[in-house]
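One letter stands for each residue in the lines below.
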Amino acid sequence: MNSPAKPILEVNSVSKAFGGVEALRDGSLKLSPGEVLAIVGANGAGKSTLIKIIAGVLTPDRGDISIKGKSIARQDHTVGFIRQMGVEVVYQDLAIVPNMTAPYNLFLGRVPRKFGIFVDEKKMQEKTREVLAELKVETVQSLKRPISEMSGGQQQSIAIGRAIAWGKEIVILDEPTAALGPNETQQVERVINEIRKRNTATILISHNLDQVFRLADRLVVVHQGNTSKEFMRNEVTIDELVKAITTG
Amino acid sequence: MASDVEKKTMLPNMENRTLMARLGLPNWDSPEGRVWVNRLRDNVPFIAITLVILLFWFISGDRFMSVRNWTFIAQQTPVLLLLAFAQLLVVTTGSIDISVGSNLGFSAYMAALGMLWFGELGFIVGIFAAMLIGVLNGAIFSLFKISSFVTTLAMLIIVRAVLVIVSDGRSIYVSDQPMSNSNITSIEAKWLLDLGQFPQILYFTVLVAVLLWIVYEKTVFGQQLKALGGNEKVLRLTGISVNWFKIQVFAAAGFMVGLASFINLARSGAATVQAGEMLELDAIAAVALGGTVLTGGYGSVLKTVVGALTLTIVANGLTIAGVPPSWSRIARGLLLIIAIAISLNRKQIDVVK
Ligand SMILES: Nc1ncnc2c1ncn2[C@@H]1O[C@H](COP(=O)(O)OP(=O)(O)OP(=O)(O)O)[C@@H](O)[C@H]1O
Ligand SMILES: [Mg+2]
Chain A
28 MNSPAKPILE
38 VNSVSKAFGG
48 VEALRDGSLK
58 LSPGEVLAIV
68 GANGAGKSTL
78 IKIIAGVLTP
88 DRGDISIKGK
98 SIARQDHTVG
108 FIRQMGVEVV
118 YQDLAIVPNM
128 TAPYNLFLGR
138 VPRKFGIFVD
148 EKKMQEKTRE
158 VLAELKVETV
168 QSLKRPISEM
178 SGGQQQSIAI
188 GRAIAWGKEI
198 VILDEPTAAL
208 GPNETQQVER
218 VINEIRKRNT
228 ATILISHNLD
238 QVFRLADRLV
248 VVHQGNTSKE
258 FMRNEVTIDE
268 LVKAITTG
Chain B
7 MASDVEKKTM
17 LPNMENRTLM
27 ARLGLPNWDS
37 PEGRVWVNRL
47 RDNVPFIAIT
57 LVILLFWFIS
67 GDRFMSVRNW
77 TFIAQQTPVL
87 LLLAFAQLLV
97 VTTGSIDISV
107 GSNLGFSAYM
117 AALGMLWFGE
127 LGFIVGIFAA
137 MLIGVLNGAI
147 FSLFKISSFV
157 TTLAMLIIVR
167 AVLVIVSDGR
177 SIYVSDQPMS
187 NSNITSIEAK
197 WLLDLGQFPQ
207 ILYFTVLVAV
217 LLWIVYEKTV
227 FGQQLKALGG
237 NEKVLRLTGI
247 SVNWFKIQVF
257 AAAGFMVGLA
267 SFINLARSGA
277 ATVQAGEMLE
287 LDAIAAVALG
297 GTVLTGGYGS
307 VLKTVVGALT
317 LTIVANGLTI
327 AGVPPSWSRI
337 ARGLLLIIAI
347 AISLNRKQID
357 VVK
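Going down the list, the protein sequences come from chains A and B.
The opening residue of the first sequence carries number 28 in the numbering used here; numbering runs sequentially from there.
The opening residue of the second sequence carries number 7 in the numbering used here; numbering runs sequentially from there.
Please keep in mind that the hints were generated in silico from the structure rather than gathered at the bench.
It is possible that part of the hints are untrue.
Pulled a few chain B residues facing chain A out of the computed Cβ check, cut under 7 Å [as the list claims (entries may be wrong)]:
#1 205
#2 208
#3 229
#4 244
#5 248
#6 301
#7 303
Lysine to any residue pairs mimicking SDA-like chemistry, simulated, CA-CA at most 25 Å apart [said to hold, decoys possible]:
#8 A:149 <-> B:300
#9 B:224 <-> A:240
#10 B:239 <-> A:270
#11 B:239 <-> A:151
#12 A:141 <-> A:173
#13 A:171 <-> B:151
#14 B:239 <-> A:101
#15 A:150 <-> B:219
#16 A:171 <-> B:216
#17 B:151 <-> A:192
#18 B:224 <-> A:172
#19 B:239 <-> A:163
#20 B:224 <-> A:136
#21 A:171 <-> B:300
#22 A:154 <-> B:223
#23 A:150 <-> B:225
#24 A:149 <-> B:219
#25 A:150 <-> A:88
#26 B:224 <-> A:272
#27 A:163 <-> A:240
#28 A:57 <-> A:272
#29 B:239 <-> A:206
#30 B:239 <-> B:162
#31 B:224 <-> A:125
#32 B:224 <-> A:147
#33 A:150 <-> B:304
#34 B:239 <-> A:88
#35 A:150 <-> B:223
#36 A:195 <-> A:212
#37 A:270 <-> A:239
#38 A:57 <-> A:90
#39 B:151 <-> A:151
Here a beta-carbon is modelled for each residue, glycine too, at the ideal position from N, C-alpha and C.
If we strip away everything but chain A, and leave its shape as in the complex, we get (with noise of 0.2 Å):
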């Protein structure tokens, strides 16, 4: 059902060291619009780095990828272009800027302006607003205090919303509910469902199996740096998964 489509994404056979450290060997994979794929696998496995590579942190030491059937020139591979092509990220532990508020962590890189040079509030306000209903997280907090000041779930929901908003094409969010409690999680999972709805296309990186099962249409078992195996959520039992992670 999701692989006849033409891919959003394709990984070839990257791979990145780090000095002597084999982060990643061969790294590939396909993304279908819509689809929700679950990257999978051990601690140290490469999962980071690969979605870094993806997102334009990193260039690759060898292989490519291309996006929207388009391969992205070495020179282009940077961030700036690969957000412009609408692929957003929500990065492990470092998604949010703690002292600044909500609508700016919401408008990273992208604030609007006025006149040229000021900021333009208002617009980042009534977003910020917009963004929050959409994906019904209530805040008591004033929009104009620091973001740190928010709860864990909150936080994350700016920054799942920056994705979201942003992310036409491609949303990639790795381990974004590991720091969230039950209700948390459970708001975060909705809103990754709410994605797949309007024919975004998610990248998940998780290391809750049971997660994984809710959520993805399918999985790549990243290990030791290469992208091992590959299943169809339908297919595979939590059992055949597990030993895929840990033996590869």
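Using the hints provided, position chain B with the ligands relative to the given structure of chain A.
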């Protein structure tokens, strides 16, 4: 009434009640108490300056609280304040610039040279010189990844040495009439000396402060200063060119130093080799007294004004009270530690280096 109090003091678990509760105030660790503590902390600079003024008024009476003395304070503060503004921009991003004093001496001299060469508008040379030092600071710091402290420490030493070489140890004087003595180098610029006097110097400084406030609070640049101080890694991951921004920040700080050096030239009437020496420390102190945390992410233009004023008033008040200069410096050092100790939110600090 008395028996009532007695009854209270007889309460069994008296020891468990905190001092705050005994005073009828909310416990400082309760949510209500925390709001109060934060509110107090936010207002430390204003409380400090009020106390300082009251103290010196009490000690020295009208000799301190006179129009003449306050005019003097209004003339003394601007150079320090403009340097503190330069420091504020850098400190907000979580960096520090200790080259501002040397840069002030250097750029004041370049302004004087510029006027010697090109006439009145030649003072612009000084502003550009100051910005150039700022750009160098920013470029070395961000491109070579050398900490801002080390980079600007090196610059403090180098720039002062360059000033000695360029000036050959000689001063350039500003005069309000043509000078006949050919042994000294001087420029004739009455307007500049006038600018160094009250009230012109005050108008100029207020104008700069208002413009900086707008930049700091209302522009994308100002917002990014705080964001950079808050979490540089996130900014990098969103594709903001952090290195280029850091260079801009140090250039903007350099511009502020240029304005400070210009006012210093106007005020002192001379560009000397010593100008600005040790002033970097006062500039940092003024920012800290203004409640700006030196770890970055937060700051206030208004409170920096208050901080610079406080520092000037303390120096002035101690002099009037007849305290010898060395003791005055000790008092200012202690004041700095106290102010920082009160305004820091220790709960948010994991490690102190
Ligand atoms: N910048 C870096 N410098 C050096 N080594 C790195 C760097 N980033 C990642 N690595 C190493 O590369 C390997 C893969 O890291 P990566 O972060 O991709 O793992 P991961 O699968 O995301 O793990 P986790 O589940 O713990 O987040 C690890 O051994 C890690 O130590
Ligand atoms: Mg990871």
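Consistency of the hints with the structure:
1. Hint on residue 205 of chain B is violated. Least Cβ distance to chain A is approximately 30 Å, over the 7 Å limit.
2. Annotation: interface hint on residue 208 of chain B violated; nearest CB of chain A at approximately 27 Å, more than 7 Å.
3. The restraint placing residue 229 of chain B at the interface with chain A holds, with a minimum CB-CB distance near 6 Å, inside the 7 Å limit.
4. Given the 7 Å rule on beta carbons, the hint for residue 244 of chain B holds: about 4 Å separates it from the nearest Cβ of chain A.
5. For residue 248 of chain B, the shortest C-beta to C-beta distance to chain A is roughly 11 Å, which exceeds 7 Å, and the interface hint is violated.
6. A least Cβ separation of about 10 Å between residue 301 of chain B and chain A goes past the 7 Å threshold, and the interface hint is therefore violated.
7. The interface hint given for residue 303 of chain B holds, since its Cβ lies 4 Å from the closest Cβ of chain A, which is under the 7 Å cut-off.
8. Taking the CA atoms of residue 149 of chain A and residue 300 of chain B, the gap is near 30 Å; set against the 25 Å cutoff, the hint is violated.
9. Taken as a hint, the residue 224 of chain B and residue 240 of chain A pair is broken in the structure, with Cα atoms around 46 Å apart against an allowance of 25 Å.
10. Between residue 239 of chain B and residue 270 of chain A the CA atoms are separated by roughly 35 Å; this puts the pair beyond 25 Å, and the hint is violated.
11. Our distance criterion of 25 Å between C-alpha atoms is met by residue 239 of chain B and residue 151 of chain A, whose separation comes to about 22 Å.
12. For the given pair, residue 141 of chain A sits about 22 Å from residue 173 of chain A by alpha-carbon distance, which is consistent with the 25 Å threshold.
13. Distance hint between residue 171 of chain A and residue 151 of chain B is unfulfilled; the C-alpha atoms sit about 33 Å from each other, more than 25 Å.
14. Only pairs whose Cα atoms come within 25 Å are accepted, and residue 239 of chain B paired with residue 101 of chain A is accepted, the gap being roughly 23 Å.
15. Taking the CA atoms of residue 150 of chain A and residue 219 of chain B, the gap is near 22 Å; set against the 25 Å cutoff, the hint holds.
16. A C-alpha spacing of about 22 Å is found between residue 171 of chain A and residue 216 of chain B, which places the hinted pair at or below 25 Å, so the restraint holds.
17. Taking the CA atoms of residue 151 of chain B and residue 192 of chain A, the gap is near 34 Å; set against the 25 Å cutoff, the hint is violated.
18. At most 25 Å may separate the alpha-carbon atoms for a hinted pair to count; residue 224 of chain B and residue 172 of chain A meet this at roughly 15 Å.
19. Restraint check for residue 239 of chain B and residue 163 of chain A: the C-alpha separation of about 29 Å exceeds 25 Å, so the hint is violated.
20. For the given pair, residue 224 of chain B sits about 16 Å from residue 136 of chain A by alpha-carbon distance, which is consistent with the 25 Å threshold.
21. The straight-line distance between the Cα atoms of residue 171 of chain A and residue 300 of chain B is roughly 22 Å, inside the 25 Å bound, and the hint therefore holds.
22. Restraint check for residue 154 of chain A and residue 223 of chain B: satisfied, since their Cα atoms lie roughly 20 Å apart, inside the 25 Å limit.
23. Under the criterion of a C-alpha separation no larger than 25 Å, the hint pairing residue 150 of chain A with residue 225 of chain B is consistent with the structure, at around 14 Å.
24. Between residue 149 of chain A and residue 219 of chain B, the direct Cα distance comes to roughly 19 Å. Compliance with the 25 Å bound is thereby established for this hinted pair.
25. Using a Cα cut-off of 25 Å, the hinted pair residue 150 of chain A and residue 88 of chain A is violated, with the two alpha carbons roughly 41 Å apart.
26. A hinted pair counts as satisfied when its Cα atoms are at most 25 Å apart, and residue 224 of chain B with residue 272 of chain A does not qualify at roughly 50 Å.
27. Under the criterion of a C-alpha separation no larger than 25 Å, the hint pairing residue 163 of chain A with residue 240 of chain A is consistent with the structure, at around 24 Å.
28. Simply put, residue 57 of chain A and residue 272 of chain A have alpha-carbon atoms about 19 Å apart, close enough for the 25 Å limit, and the pair holds.
29. Straight-line distance between C-alpha atoms of residue 239 of chain B and residue 206 of chain A comes to about 19 Å, which keeps the hinted pair within the 25 Å bound.
30. With a C-alpha separation of about 29 Å, the suggested pairing of residue 239 of chain B with residue 162 of chain B is violated against the 25 Å cut-off.
31. A C-alpha spacing of about 19 Å is found between residue 224 of chain B and residue 125 of chain A, which places the hinted pair at or below 25 Å, so the restraint holds.
32. With a CA separation close to 9 Å, the supplied pair residue 224 of chain B and residue 147 of chain A stays within the 25 Å bound.
33. For the given pair, residue 150 of chain A sits about 23 Å from residue 304 of chain B by alpha-carbon distance, which is consistent with the 25 Å threshold.
34. Taking the CA atoms of residue 239 of chain B and residue 88 of chain A, the gap is about 22 Å. The hint holds against a cut of 25 Å.
35. A threshold of 25 Å between alpha carbons decides the hint, and for residue 150 of chain A with residue 223 of chain B the separation of about 16 Å falls inside it, so the pair holds.
36. In summary, the hint linking residue 195 of chain A to residue 212 of chain A is supported, as the alpha carbons are separated by about 23 Å, within the 25 Å threshold.
37. Between residue 270 of chain A and residue 239 of chain A the CA atoms are separated by roughly 15 Å; this keeps the pair inside 25 Å, and the hint holds.
38. Between residue 57 of chain A and residue 90 of chain A, the direct Cα distance comes to roughly 14 Å. Compliance with the 25 Å bound is thereby established for this hinted pair.
39. Restraint check for residue 151 of chain B and residue 151 of chain A: the C-alpha separation of about 34 Å exceeds 25 Å, so the hint is violated.
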